Amino acid sequence: MITWLIRRLFQAALVLLSMTVLVFIGVNVIGNPVDIMISPEATQDVRQRAIEALGFDQPLWRQYLTFMGNALQGDIGNSYVYNQPAFDIILQRLPATLELALVALFLSVVIGIPLGLYAGLYPDNLLSKAIMAFSILGFSLPTFWVGLMMIMVFTVMLGWLPSIGRGETVEVLGMRWSFLTWDGIQHLILPALNLSLYKISMVMRLTRAGVRETISKDFVKFARAKGLSPRRIILVHVLKNIMIPVVTVIGLGFGGTIAFAVVTESVFAWPGMGKLIIDSINVLDRPMIVAYLMMIVIIFVTINLIVDLIYTTLDPRVRLETQE
Amino acid sequence: MNPVLSVENLSVAFGAVSAIEEVNLSVHRGEFLGLVGESGSGKSVTGFSIMKLLDEPGHITGGRILFNGRDLAQQSEPGMRRLRGKRIAMIFQDPMMTLNPVLRIDTQMVETVLAHDKVSRREAWERARDALGMVGIPSPEERLAAYPHEFSGGMRQRVAIAIAMLHRPDLIIADEPTTALDVTIQAQILSEVQKLAQGSGTAMIWITHDLSVVAGLAQRLAVMYAGRVVETGPTEDVLDRTLHPYSLGLIRSVPSRNSRGQRLFQIPGMPMATGRRPQGCPFHPRCDRATAACLEMPAEREITRGHVTRCHHPETSLKGEKVA
Amino acid sequence: MTGITDPQSDALARSRAQWAAPQADDGSLLRDFLRQFTRSGLAVGALVVFTSIVLAAVFAPVLAPQNPYDLMQLDIMDGRLSPGSQGYTGTTFWLGTDDQGRDLLSGILYGLRISLLVGAGSALIAAVVGTAVGLVAAYAGGRTETLLMRLVDLQLSFPTILTALMILAVLGKGIFNVMLALIIVEWAIYARTARASAMSERRREYVEAAESLALPRWRIVFRHILPNCMPALIVIATIQIASAIAFEATLSFLGLGVPITEPSLGLLISNGYRYMLAGDYWTSFFPGVALLITIVSINLVGDHLRDVLNPRMER
Numbered sequence: 000m001i002t003w004l005i006r007r008l009f010q011a012a013l014v015l016l017s018m019t020v021l022v023f024i025g026v027n028v029i030g031n032p033v034d035i036m037i038s039p040e041a042t043q044d045v046r047q048r049a050i051e052a053l054g055f056d057q058p059l060w061r062q063y064l065t066f067m068g069n070a071l072q073g074d075i076g077n078s079y080v081y082n083q084p085a086f087d088i089i090l091q092r093l094p095a096t097l098e099l100a101l102v103a104l105f106l107s108v109v110i111g112i113p114l115g116l117y118a119g120l121y122p123d124n125l126l127s128k129a130i131m132a133f134s135i136l137g138f139s140l141p142t143f144w145v146g147l148m149m150i151m152v153f154t155v156m157l158g159w160l161p162s163i164g165r166g167e168t169v170e171v172l173g174m175r176w177s178f179l180t181w182d183g184i185q186h187l188i189l190p191a192l193n194l195s196l197y198k199i200s201m202v203m204r205l206t207r208a209g210v211r212e213t214i215s216k217d218f219v220k221f222a223r224a225k226g227l228s229p230r231r232i233i234l235v236h237v238l239k240n241i242m243i244p245v246v247t248v249i250g251l252g253f254g255g256t257i258a259f260a261v262v263t264e265s266v267f268a269w270p271g272m273g274k275l276i277i278d279s280i281n282v283l284d285r286p287m288i289v290a291y292l293m294m295i296v297i298i299f300v301t302i303n304l305i306v307d308l309i310y311t312t313l314d315p316r317v318r319l320e321t322q323e
Numbered sequence: 000m001n002p003v004l005s006v007e008n009l010s011v012a013f014g015a016v017s018a019i020e021e022v023n024l025s026v027h028r029g030e031f032l033g034l035v036g037e038s039g040s041g042k043s044v045t046g047f048s049i050m051k052l053l054d055e056p057g058h059i060t061g062g063r064i065l066f067n068g069r070d071l072a073q074q075s076e077p078g079m080r081r082l083r084g085k086r087i088a089m090i091f092q093d094p095m096m097t098l099n100p101v102l103r104i105d106t107q108m109v110e111t112v113l114a115h116d117k118v119s120r121r122e123a124w125e126r127a128r129d130a131l132g133m134v135g136i137p138s139p140e141e142r143l144a145a146y147p148h149e150f151s152g153g154m155r156q157r158v159a160i161a162i163a164m165l166h167r168p169d170l171i172i173a174d175e176p177t178t179a180l181d182v183t184i185q186a187q188i189l190s191e192v193q194k195l196a197q198g199s200g201t202a203m204i205w206i207t208h209d210l211s212v213v214a215g216l217a218q219r220l221a222v223m224y225a226g227r228v229v230e231t232g233p234t235e236d237v238l239d240r241t242l243h244p245y246s247l248g249l250i251r252s253v254p255s256r257n258s259r260g261q262r263l264f265q266i267p268g269m270p271m272a273t274g275r276r277p278q279g280c281p282f283h284p285r286c287d288r289a290t291a292a293c294l295e296m297p298a299e300r301e302i303t304r305g306h307v308t309r310c311h312h313p314e315t316s317l318k319g320e321k322v323a
Numbered sequence: 000m001t002g003i004t005d006p007q008s009d010a011l012a013r014s015r016a017q018w019a020a021p022q023a024d025d026g027s028l029l030r031d032f033l034r035q036f037t038r039s040g041l042a043v044g045a046l047v048v049f050t051s052i053v054l055a056a057v058f059a060p061v062l063a064p065q066n067p068y069d070l071m072q073l074d075i076m077d078g079r080l081s082p083g084s085q086g087y088t089g090t091t092f093w094l095g096t097d098d099q100g101r102d103l104l105s106g107i108l109y110g111l112r113i114s115l116l117v118g119a120g121s122a123l124i125a126a127v128v129g130t131a132v133g134l135v136a137a138y139a140g141g142r143t144e145t146l147l148m149r150l151v152d153l154q155l156s157f158p159t160i161l162t163a164l165m166i167l168a169v170l171g172k173g174i175f176n177v178m179l180a181l182i183i184v185e186w187a188i189y190a191r192t193a194r195a196s197a198m199s200e201r202r203r204e205y206v207e208a209a210e211s212l213a214l215p216r217w218r219i220v221f222r223h224i225l226p227n228c229m230p231a232l233i234v235i236a237t238i239q240i241a242s243a244i245a246f247e248a249t250l251s252f253l254g255l256g257v258p259i260t261e262p263s264l265g266l267l268i269s270n271g272y273r274y275m276l277a278g279d280y281w282t283s284f285f286p287g288v289a290l291l292i293t294i295v296s297i298n299l300v301g302d303h304l305r306d307v308l309n310p311r312m313e314r
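Chains as they are written, first to last, in numbering that gives the first Met the number 0: chain A, 0 to 323; chain B, 0 to 323; chain C, 0 to 314.
Rather than coming from a laboratory, the hints here were simulated on the basis of the structure. Given the structure is predicted, the values throughout are model-derived calculations rather than measurements. Backbone N, C-alpha and C fix where the C-beta goes; we use that ideal spot for every residue, glycine too. Be careful, since some hints might not be right.
Within a straight-line C-alpha distance of at most 20 Å, the following computed EDC-like cross-link-like pairs (lysine to aspartate or glutamate) qualify [claimed, not checked]: (1) K239(A) - E149(B); (2) K220(A) - E55(B); (3) K239(A) - D307(A); (4) K220(A) - D54(B); (5) K194(B) - D129(B); (6) K85(B) - D129(B); (7) K128(A) - D306(C); (8) K216(A) - D93(B); (9) K216(A) - D129(B); (10) K172(C) - D278(A); (11) K216(A) - E175(B).
Non-contacting residues of chain B with respect to chain C, defined by C-beta distances greater than 10 Å in every case (computed) [said to hold, decoys possible]: (12) H58; (13) N67; (14) T106; (15) Y146; (16) G248; (17) A291; (18) L294.
For reference, chain A alone in the conformation it holds in the complex:
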């Protein structure tokens, strides 16, 4: 088990490292950074001094090392726009995005799994067919459009829910959370539903497919032959079998959800990392872009590692292999 863990950590570190190289090349090499940092009107002399000061005259690999050295200390440079350390700004905005993504995750599990279970057990039902039709819409409709429509219906036409920004927050564990206040929840519902729509559809379809496949398996028939109650068969025999792929997909998709929050945050003006990155790209605030990408990759790799760990505890067949 330990060897397996070390091997996975090593793989994760490798991915992280290659990402930093890509990010570095993409941001600091493509598109002449000199012209961006230094005003084109500056004299040759000023230019030369600026180049030396910013280290652009160094060979690339040395620039990269300097970059990595600074990065490991948490310094990725100051944002051009905010004139503060980019990484700090990202950290400030992280809780908002995290909250949105976590609530979306919660919704996808709480709505997706029961509905998928129902659709799998009673596939010819009218309700099941409606659920499956809804799921097709859920993953094919562009999220941003659904968000716009939500705003139009619930804010403009009905006036039930607010559409912009985050509600009141409460500080817990050093970070600000909004789901603990009623105002916060009101602001949270629409964006969280919007973000989770795709995931809900995926989870519904996956659960349904899992149920359909498992129900026809011999061990379910055998369980019936033993005289077990249908409730036990579904909740223990069937559910445990489909949980593994479902959990994997949900877990691995969490990183994607955090990344995709970019769209929802833009539609609802949610003050998270996502909106920040879009604005930064539009004004070419390079340190900010770098900081965001680094943060995302770190989150991503961590999530993958955790999901792998959970997977091994859930599936006894895999567990034995890792003990080799």
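Assemble the complex: chain A is given as a structure, and chains B and C must be docked to it using the hints.
Just chains B and C now, with coordinates in the frame of chain A:
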């Protein structure tokens, strides 16, 4: 003495397609009945119908299934659940598929006990342990905590047998239980089962496509072809004084009955695909005794005591030689 | 067969002859496919809808009442008119106008062109590239295969929006850049499918036979293996086209996609967004509906195609 199970004129269809028709079978206490037939003959469907475990769109279209006097065909599902695993048990073909791979052996055995008897967990566990010991599994306490994939094929089937015997049922239906196992293991399992059944007076229906497997063990044989029972009777009678040309063909096809150097015997023609049946006797296209009379379905006739067949021309061999 | 038979029974002889021979397979593959496909009225309807959309986009210059990018045709006095109103010059704006006086119907027709071009174009190019990579990997084997497949895994596990963001952040906006980003996001799924298909085909006997004839490798791949991978690839390509169109719309909405001079439906929606809150819903709504119909119809066709072409693929 009344039979434990008496199937009378049972007919089952899948949607509009007939699977078995007018099947008559009976088993007495402690008796071993071999149900023989090729794929598509309806033997497994018969077994599942008795347990009322047919998959949709399978349904009983006629006949009675008298178990200890009660007609199971009319029995409600909750009533069937009470019987399954307790009074009638089933053993399936592939033990890897019949045991749930993500649940431990003790879970799967204890739940069977608890489904029918109100006892403590501890007592249920002890019964499971004793059952494993009875089928010849060494150190049952440790094996109980294991998962199915940690067992070999033969061991898994023993576990399935132990589960079937947990409540000392009146009848066990075994659907090709040794087909997926090595030949040597097959012999072991066969003798174990025979010993157990004799010890507890359990009646047994052993479904197989391999005549040689049941020839030594069964007291009575029933042969099925294209959804009908074509011959039933005491084993020696069926083997040595065969009435139906198909049964005769089956017996002659067994390679061990062949002399060295002679061509292996084959029943001419192709086996029946499920659902498409010729007019009249289903075997007539392949039968060398066929006459115009065979375009009418033959009725079941008792030729000698306990020896029944469905044929217009019993008592002649497959090559036209008259036998008694 | 010899034996006791009734020489006068024709019925018996006929019955025996009919049941003696195994039943032959009838009909061509294509006819079978068409028959199965047309079984779903919904899919056929969706196909009709999608074809009409494509035709509308192709013939946009003919169908559109005005060319919304010809500044000479615009009149600011026609700005922000509601659907069905008459303009200054007498033309009826069936779907209303935006703030510049551009007819929304025309805008949608021209926008469809961009959306379809970018979406379908990138999906098809990605299909070619990805399939090629997958087949190469399957046939080359060894280290090449492992390396390529690792790359595929990496690409597939990375969030698509992030990949696109990174590429567009570096390269900037523009149709070509967007297509490039989409291709890079999409190629991997084809590679994985093609390789898996090729791997299973490779074990079949007909490939062994071809290899034993010493046919050149590329020929075996192209003429024998590729046709058998096609069903799975077609299904994926269809669904990918829909998702590419949606993705481009999302990127354009975020301001990272196509330029304002050649707006796709996504950009139209984005531009119209601010008027929506003021009550002029049509500037955002109708392009959205057009996008929706396009995407959903493609998905319905793709869904049914998957059921028909590969019943083993679980929904």
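Okay, the hints, checked on the actual structure:
no., hint, verdict
1, K239(A) - E149(B), "19 Å, holds"
2, K220(A) - E55(B), "13 Å, holds"
3, K239(A) - D307(A), "17 Å, holds"
4, K220(A) - D54(B), "9 Å, holds"
5, K194(B) - D129(B), "16 Å, holds"
6, K85(B) - D129(B), "17 Å, holds"
7, K128(A) - D306(C), "16 Å, holds"
8, K216(A) - D93(B), "11 Å, holds"
9, K216(A) - D129(B), "28 Å, violated"
10, K172(C) - D278(A), "14 Å, holds"
11, K216(A) - E175(B), "17 Å, holds"
12, H58, "24 Å, holds"
13, N67, "41 Å, holds"
14, T106, "27 Å, holds"
15, Y146, "25 Å, holds"
16, G248, "13 Å, holds"
17, A291, "4 Å, violated"
18, L294, "6 Å, violated"
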